[in-house]
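Student: Okay, here's what each chain looks like letter by letter:
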Amino acid sequence: MKGRTIGALVAGALFGVGLVVSGMTDPRNVIGFLDFSGHWNPRLVAVMAGAVGVHASLLALLGRAPRLRRIRPLLDRKRRIDGALVAGAAIFGVGWGLSGYCPGPALVSLGFGVRTAVAFVAAMIAGVVAAGLIRKRGRTPTGGCEMP
Amino acid sequence: MIDKAGMLMGFLGGALIGLAATLYFVATGRTAGVSGILGGALGRDREARGERIAFLAGLVGVGLLTAVVSSPAVANPYPLPLLVVAGVLVGFGTRLGGGCTSGHGVCGISRFSIASLIATATFIAAGAATVAIAHRLLASGVAP
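These protein sequences, in sequence, are chains A and B. Heads up: the first sequence at position 23 corresponds to 23 in my numbering, and the numbers run straight through without jumps. Start counting at 1 in the second sequence, then tack on 148, and there's your number in my numbering.
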């Protein structure tokens, strides 16, 4: 296996451990965060603070490392703000609110062997493929796939 | 009453996610957005498919291992047909919008992307509105 493949595998595992430790694989914590009416659950705020705090700090440090100057410009590539961005985010938000699953926790829950997660992930893959087909027709200007 | 232990675990888990996102970026030069990685793994670009599949295998593998050593079996409390609809919306929406909670929420905000900030505010607002409406319907007995 190539070094970058091993790096990606370790990163995926570490990401999964983070999701389990943070409690984000439990849909009730997510729905509780989105429910501003009653007993609001602020845990997702702590998760985002930890994740953004660490990632932003490390990126700032890496930006100074000469060895990594090659990938530095990738950080500055930003996604265009358009209708697809907002419409896509809104559609995702509705699905997120209905299930308490976003893609990461859904995939970890698939590993748990939870029946509901298996159904969700199958449907999610169908949605991803559908979006890909629409984009291929060139009707929707979606742009940057992995570069927000 | 704030659940202090829960908040601490959330912060620690979040820090691990931030570390993982950095490792993925350094190893591959790509953003660690789960929906983008999934879309790329399913797409036609064969060049980077291996490392995307490796990331997804790590994610699912941790779920498998967790289920072996403990019983996390956190079943989703929502009815299956609803979850199928939600799954399609999540898959389609994240690809149309170019990111999910990790891609826009964690990685995008970490690099001060205004687009990601707008996307994150939008999906949180849409999610909150959906939960509020769903609760209203449940209370009035319209939905199951």
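What the hints contain is simulated information worked out from the structure, not anything from laboratory work. All C-beta atoms, glycine included, are put in the ideal place defined by N, C-alpha and C. Honestly, I wouldn't trust all of these hints.
One-sided and incomplete, this derived list gives chain A residues near chain B with beta-carbon spacing under 10 Å [what the hints assert, rightly or not]:
| id | residue |
| --- | --- |
| 1 | T5 |
| 2 | L19 |
| 3 | M24 |
| 4 | A46 |
| 5 | A51 |
| 6 | L58 |
| 7 | L59 |
| 8 | R64 |
| 9 | I91 |
| 10 | W96 |
| 11 | S99 |
| 12 | S109 |
| 13 | L110 |
| 14 | T116 |
| 15 | A122 |
| 16 | G127 |
Student: It remains to establish, for every hint, whether it holds in the given structure.
Tutor: Structure-based check of each hint:
| no. | hint | in the structure |
| --- | --- | --- |
| 1 | T5 | holds (5 Å) |
| 2 | L19 | holds (7 Å) |
| 3 | M24 | holds (7 Å) |
| 4 | A46 | holds (4 Å) |
| 5 | A51 | holds (4 Å) |
| 6 | L58 | holds (4 Å) |
| 7 | L59 | holds (6 Å) |
| 8 | R64 | violated (14 Å) |
| 9 | I91 | holds (3 Å) |
| 10 | W96 | holds (5 Å) |
| 11 | S99 | holds (4 Å) |
| 12 | S109 | holds (6 Å) |
| 13 | L110 | holds (6 Å) |
| 14 | T116 | holds (4 Å) |
| 15 | A122 | holds (7 Å) |
| 16 | G127 | holds (2 Å) |
The structure fails to meet hint 8 from the earlier list, while all remaining hints are met.
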